[in-house]
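*Asks:* Below are the chains, spelled out letter by letter.
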Amino acid sequence: MAETRYSKDHEYIRIEGDVGTVGISDYAQGQLGDVVFVELPTVGKALSKGGEAAVVESVKAASEVYAPVSGEVVEVNGELEAAPGTVNEDPAGKGWFLKIRIKDAGELDALMNEAEYQDYVKSL
Amino acid sequence: MLNRQGRPTQAGEASHEEHLTFTGNKALQQIEPLIFEIGHHEATGVDIDKPVPFKSRLGKHARQGEIGLPGLSEPETMRHYVRLSQKNYGIDTGLFPLGSCTMKHNARLNEKMARLPGFSDVHPLQPTSTVPGALDLMLELSRYLMTLTGMPAVALSPKAGAHGEACGMMAIKAAIAAKGEGATRNVVLVPESAHGTNPATAALIGFSVRSVPARPDGTVAVEDVKALLGPEVAAIMLTNPNTCGIFEPQIVEIAAAMHEAGAYFYCDGANFNAIVGKARPGDLGVDAMHINLHKTFSTPHGGGGPGAGPVVLSERLAPFAPVPFIHVENGKPHLIESRDEAPAGNQPFGRMTAFHGQMGMYVRALAYMLSHGSDGMRQASEDAVLNANYIRAGLSDLMSLPFPDHPSMHEVLFDDEWLKGSGVSTLDFAKAMIDEGYHPMTVYFPLVVHGAMLIEPTESESKAALDLFIATLRDLAIAAKGNDKERFTSAPHHAPIRRLDETRAARSPVLKWEKPAPAKAAE
Amino acid sequence: MRYLPLTDTDREDMLARIGVSDVDALFSDVPAGKLLKAPVDLPRAKGELEVERILGKMAGKNTAASAVPFFVGAGAYKHHVPATVDHLIQRSEFLTSYTPYQPEIAQGTLQYLFEFQTQVAALTGMEVANASMYDGSTGTGEAVLMAHRVTKRRKAVLSGGLHPHYTAVVETLSEMANDEVVVLKPDVSASEDILSQIDDSTSCVVVQSPDVFGNLRDLKPIAEKAHAHGALLIAVFTEVVSLGAVVPPGAQDADIVVGEGQSIGNALNFGGPYVGLFAAKAKYIRQMPGRLCGETVDSTGQRGFVLTLSTREQHIRRDKATSNICTNSGLCVLAFTIHMTLLGQAGLARLAEVNHANAVKLADALAGVEGVTVLNDSFFNEFTVKLKKPAAEVVEVLAARGILAGVPVSRLLPKAGLDDLLIIASTEVNTDEDRAALVAALVEVL
Numbered sequence: 524m525a526e527t528r529y530s531k532d533h534e535y536i537r538i539e540g541d542v543g544t545v546g547i548s549d550y551a552q553g554q555l556g557d558v559v560f561v562e563l564p565t566v567g568k569a570l571s572k573g574g575e576a577a578v579v580e581s582v583k584a585a586s587e588v589y590a591p592v593s594g595e596v597v598e599v600n601g602e603l604e605a606a607p608g609t610v611n612e613d614p615a616g617k618g619w620f621l622k623i624r625i626k627d628a629g630e631l632d633a634l635m636n637e638a639e640y641q642d643y644v645k646s647l
Numbered sequence: 098m099l100n101r102q103g104r105p106t107q108a109g110e111a112s113h114e115e116h117l118t119f120t121g122n123k124a125l126q127q128i129e130p131l132i133f134e135i136g137h138h139e140a141t142g143v144d145i146d147k148p149v150p151f152k153s154r155l156g157k158h159a160r161q162g163e164i165g166l167p168g169l170s171e172p173e174t175m176r177h178y179v180r181l182s183q184k185n186y187g188i189d190t191g192l193f194p195l196g197s198c199t200m201k202h203n204a205r206l207n208e209k210m211a212r213l214p215g216f217s218d219v220h221p222l223q224p225t226s227t228v229p230g231a232l233d234l235m236l237e238l239s240r241y242l243m244t245l246t247g248m249p250a251v252a253l254s255p256k257a258g259a260h261g262e263a264c265g266m267m268a269i270k271a272a273i274a275a276k277g278e279g280a281t282r283n284v285v286l287v288p289e290s291a292h293g294t295n296p297a298t299a300a301l302i303g304f305s306v307r308s309v310p311a312r313p314d315g316t317v318a319v320e321d322v323k324a325l326l327g328p329e330v331a332a333i334m335l336t337n338p339n340t341c342g343i344f345e346p347q348i349v350e351i352a353a354a355m356h357e358a359g360a361y362f363y364c365d366g367a368n369f370n371a372i373v374g375k376a377r378p379g380d381l382g383v384d385a386m387h388i389n390l391h392k393t394f395s396t397p398h399g400g401g402g403p404g405a406g407p408v409v410l411s412e413r414l415a416p417f418a419p420v421p422f423i424h425v426e427n428g429k430p431h432l433i434e435s436r437d438e439a440p441a442g443n444q445p446f447g448r449m450t451a452f453h454g455q456m457g458m459y460v461r462a463l464a465y466m467l468s469h470g471s472d473g474m475r476q477a478s479e480d481a482v483l484n485a486n487y488i489r490a491g492l493s494d495l496m497s498l499p500f501p502d503h504p505s506m507h508e509v510l511f512d513d514e515w516l517k518g519s520g521v522s523t524l525d526f527a528k529a530m531i532d533e534g535y536h537p538m539t540v541y542f543p544l545v546v547h548g549a550m551l552i553e554p555t556e557s558e559s560k561a562a563l564d565l566f567i568a569t570l571r572d573l574a575i576a577a578k579g580n581d582k583e584r585f586t587s588a589p590h591h592a593p594i595r596r597l598d599e600t601r602a603a604r605s606p607v608l609k610w611e612k613p614a615p616a617k618a619a620e
Numbered sequence: 014m015r016y017l018p019l020t021d022t023d024r025e026d027m028l029a030r031i032g033v034s035d036v037d038a039l040f041s042d043v044p045a046g047k048l049l050k051a052p053v054d055l056p057r058a059k060g061e062l063e064v065e066r067i068l069g070k071m072a073g074k075n076t077a078a079s080a081v082p083f084f085v086g087a088g089a090y091k092h093h094v095p096a097t098v099d100h101l102i103q104r105s106e107f108l109t110s111y112t113p114y115q116p117e118i119a120q121g122t123l124q125y126l127f128e129f130q131t132q133v134a135a136l137t138g139m140e141v142a143n144a145s146m147y148d149g150s151t152g153t154g155e156a157v158l159m160a161h162r163v164t165k166r167r168k169a170v171l172s173g174g175l176h177p178h179y180t181a182v183v184e185t186l187s188e189m190a191n192d193e194v195v196v197l198k199p200d201v202s203a204s205e206d207i208l209s210q211i212d213d214s215t216s217c218v219v220v221q222s223p224d225v226f227g228n229l230r231d232l233k234p235i236a237e238k239a240h241a242h243g244a245l246l247i248a249v250f251t252e253v254v255s256l257g258a259v260v261p262p263g264a265q266d267a268d269i270v271v272g273e274g275q276s277i278g279n280a281l282n283f284g285g286p287y288v289g290l291f292a293a294k295a296k297y298i299r300q301m302p303g304r305l306c307g308e309t310v311d312s313t314g315q316r317g318f319v320l321t322l323s324t325r326e327q328h329i330r331r332d333k334a335t336s337n338i339c340t341n342s343g344l345c346v347l348a349f350t351i352h353m354t355l356l357g358q359a360g361l362a363r364l365a366e367v368n369h370a371n372a373v374k375l376a377d378a379l380a381g382v383e384g385v386t387v388l389n390d391s392f393f394n395e396f397t398v399k400l401k402k403p404a405a406e407v408v409e410v411l412a413a414r415g416i417l418a419g420v421p422v423s424r425l426l427p428k429a430g431l432d433d434l435l436i437i438a439s440t441e442v443n444t445d446e447d448r449a450a451l452v453a454a455l456v457e458v459l
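Residue numbers (the working numbering), protein chains in the order written: chain A, 524 to 647; chain B, 98 to 620; chain C, 14 to 459.
Extracted from the complex, chain A is given alone in its bound form (with noise of 0.2 angstroms):
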C-alpha cells in the first residue's frame, strides 16, 4: 500500500517500493493559480534532497520545485507538456511530474505524513 509524505515547500512523494512519485500538494497548487508551463528534469538525472527539481509557472509567477529526497530520475510525467492544466485539477493523480528512484529511504523519515502536513497547511 502507497504511502504519501510530504515537504515543507510542499512537494509530495507517493511511495510504492523503492520507488517515490513527486508532485505538488492541492494546497500549492491553489496558491500558485493557473499552472501554464512545468519544466521537468531529464530521466536519469540525478537528483539531491532540497535540489532543484523541476519549475511549475503559472501566468504571473515561477516556482522552483524541489527533490523531497535524493535519487535518479526514472520517468517524467510528459503528459504536462499539452495539459499543464492538470497540475491544478489532480494533483495527487494526473498531476504528477516525475519518478524518483529513492537512494536513501531513511530521507522519508524527516518529511511529514497526511496528517501532519494537513496540519501544517492550516497553520500557515
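No false leads were slipped in.
Estimated spans, in silico, between C-beta atoms of each pair:
| # | chain 1 | residue 1 | chain 2 | residue 2 | range |
| --- | --- | --- | --- | --- | --- |
| 1 | B | THR120 | C | ALA241 | 51 to 57 angstroms |
| 2 | B | GLU320 | A | GLU639 | 36 to 42 angstroms |
| 3 | A | VAL542 | B | LEU544 | 36 to 42 angstroms |
Residues from chain C shown here face chain A by an in silico Cβ test under 7 angstroms; the list is partial:
| # | residue |
| --- | --- |
| 4 | THR324 |
| 5 | ILE329 |
| 6 | ARG330 |
Derived by calculation from the structure, the hints in this document are not laboratory data.
Cβ coordinates follow ideal geometry from the N, Cα and C atoms, glycine included.
Use these hints to put chains B and C onto chain A, whose structure you have.
*Replies:* Same frame as chain A, but now just chains B and C:
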C-alpha cells in the same frame, strides 16, 4: 413652399438596455481585424517604379517564392492604425499614475526638435567633420546630466534603463578586475524591494545575487548591509528614492560602508524625478547611476520604448566607460569609437551597442532640460513630490499605508490590507479604475508588500485633476469595502475589451497570425 | 513654467492639506547637508522660441543625408519613409502610452505588436518572433546568450563578416560573463573557413548576410555543420530590405535570426533609436529574451491580445530571467509595422529590386574608374571597393565637396590594415545624378 425636411431635434427618452449592433462595433469603439485579414498579397500602399532591366548580382541567393505578407493601400493603412490607436490609453488621454514609470507630459516641442533633419537625418558613420552639431548636443546633454547628478563622467550610449544598469555594473566589474580582484569579488547585494532588472542585470554580468532584507519601515538599514559585506562583495544595487517611494535615510552611511569594504555603490536612477535639482547622487556617495531619459526627462514611452539609459560615473569608474565617448582635447571634441583609439588613462570596458546610442532621445531630453531650466526642473521635482503626498493625504484614511513613518517622495505606496475580507483584490480595484477613465497605478510591485498599489502622479497634474482622482478613488474604496463587489470583480465594463484570459495565452501560445485552415481538407 | 499646472496658491493649499509648512518638510529623509538650497548651476527656464533657436543652430551645423549625394551604410541605411508613418506614430494614444501592462486599455499597442511579430516571422522565414530588442547589435548579444542557454555550452564563433560593432558588443558581454568567444579575422571576400571552427564545444556560430562588406553568404552548409555538432546557427542582417530580394535565413535552417529593422519606417537618427528584430525556431521559445505578445479571448469570448510567457522575464524571474531587458523599441516597432503594411510583400520586393538595381549601376560605374576595384562577387545594396589611396582621406575630401561617399573600413576596424577599403551603399534615394557626382569626384581625387 413648405419645407418638409423637419426632423426630431429633442433627445427623446433614454433607454439603459444594451443594444447589440450588427457589426459588433459601438460607435467610436470599432472592432478592428488584423492586417492579415484585410490586406491582399498583391496590394501595396507605395508607388515605386520598376527599375530598367539590369544584371542581378544576387547570384544564387535570390529569393524564391513569396514572403507571405499582405499590403494595404494608404487610406486603409491610415484607418487601420487610427482605429488601433483609439484602443489605447496615453498620458494625453488622462492621469497615468503608473508608479516607478514617471508618466509625465511629453512636450511636442521635443518631438519637433528631434525631427530637425540635422538630427534625424544624419548617419552615425558619416564623417564626424560633417556632424559637429551632433557632438555639441551630446556634450551639452552630458554637461546637464553631470551637473544635475554631481558626477564627473557620463556614458551616454545605453539604450534603456536595464541597458544602463548593465553598463554601470560592467564598469564596476572592470574596475574590480583592474585591481586584481576579478576572481574573488563576485557577489552583488540587491534589496528585496528592487526592480527585477537589478538581479537580472547582476546575473547577466556573472555576479551572484545576495538579497538584502527590507526593514519594517520600507527602508534599507546600514547594519543589515554591513552584516552582508565581505571581501567577496562587489557592489550594492540600491534604488533611491526606493521602490516604496521613500528616500533611503541611511544612503550616505550605506555608501561609506560599501567603499570601506572595497565595493561600489550602484544606484538605480529610475526614481530620479523625485530629486532633480533637490539632491545630487554624487553628494550621496554613488559610483554609478543610470538615468531613464524616458522617465525623468520626458522622452515618450511610445508603448514600451524606445528608452535611453545614460549612466553617470564616479571618478573611480570613469576610466572604464565604454566606447563610444567624446574626448575633448584643446577644446576640440573627438569621437572615440574603439578601445584601440582610447586616449591615455582610459581603459574602456568594451561597447554596449552599435553606433552612439539614442540620439533621438538625447535631443528630446535636452529640449526638456533647456525648457525647464535649473529652476523649472527643481520646481518639477517639488511638484511631483507634493502631488504624491497630496494624494496620500487624501486617501490614507481609507486605504492602508504600509510605511506611514516616512514622507513619500514622488510616489505613494498602498498595500491591500484595507481590502481584506472584501472579496476585492488589488487587480479588481485597478480594473475598476479603468471604468472610471484612469490608467491604473502600478500593482503587485514592489514585492515587499502584499497587493501593492504604487501611485505616481508626476508634476504634470493640476490640483483639480488630483482632486477628482482622489474623489474617484475614495468612491471606489468605499464601494469596495461595501457590498458592491460586482463593480470590481468583473471590471472593466467599459473598456474596448473585457478582462482577458492570460492563462489561455500562456498555456497554448499563439504568437503570430496563421492562415485559417480551409473548412474542408484539400484532398 | 508652461509645463507645470500648479499655481503658488495651489501649492500652499496642498501643503496645508498635507499638514506641513513647506515642501522641504517632505524631503526630511534627505541626509543633513545634502538637500540643495538653490537651483543647480545651469541656465534658467526658456520659452519654446529660444529652445528652437538653440537646438536649430546645433542641427544646422550637421550635413543631413537628404541634402547631398549620400552613400553611407554599414549597419544603418537612408531610405524613404512614407509620410503616413510619422503621422501615425505621433498619435497621442501611441506616443504617450506605456508598456501594455493593462491589456484592456492597450489593445492598440498589443495588436500592432502581434502584427509586427507575424511580419518579422514571415520576413525571416522563422516560426516565432519577439516584440523587439533595442537594435540589431544588442539583439545579437542576446542571441548568443540564448544559444548558451539552449546548448548549455559557452563558446560562440563569430564570422569575420559580422559588423565590427556587433562583434564588440558580443565580445563585451562574453568577457563580462566569462564566456568564450572566437572572432574570425575580417573577411572582406567571404572566403573564411568558418566550418573548421565548429566543434562539440561550440554553442553557436554567428554569421551576417549580407555581411558588413556587402557579400551575400550561403548559410546552409554552416547550419548543417553546426547542427551536426549540436550547435546553433545565429543569422544576422543589418539591412532588412534585403529580405525582399534574398533567400531568408529561415529557409537556410538558421536557429535564431537577429537583424536591424531601422531601414523600414525609421530615420537614421545618428544611430538610434532603432529596432532590433529577433526570431527563432518555436522549440526555443522559452529561452527567448524580450517581450512576447500572444492572442487570447476576453471574458465574453472576443479576441484580444496580451503580453505572455512573462515568466521568462526579469520582473518575475529576477536573477534567473532570460534577459534583463524591460523597455524595448515600442514606437520604432510601430513605425516598422506601418511601413511594412504599406509596402506589403509586393512593395518590399519592388523596393528591394530598386535598391539592388541602384547598387549594381553604381558598382558598374565605379568598376570603370581608375584606382577603384569592386571586391564583391555578390551583393545587395552595398559593396566594398579598394581604392588606391586611404579611404578615410578620400571620404574626407569628398565630404568637403558635398558628397558623403561611404564608410572607410578603418572607421570600423582602425588597426586591421584595411585602410584602402571603402564600404558604399546605394538605396532607392540615390539618383543618376548622385551616382554621376560620386564617380566624377572619385575620378578627380584618385
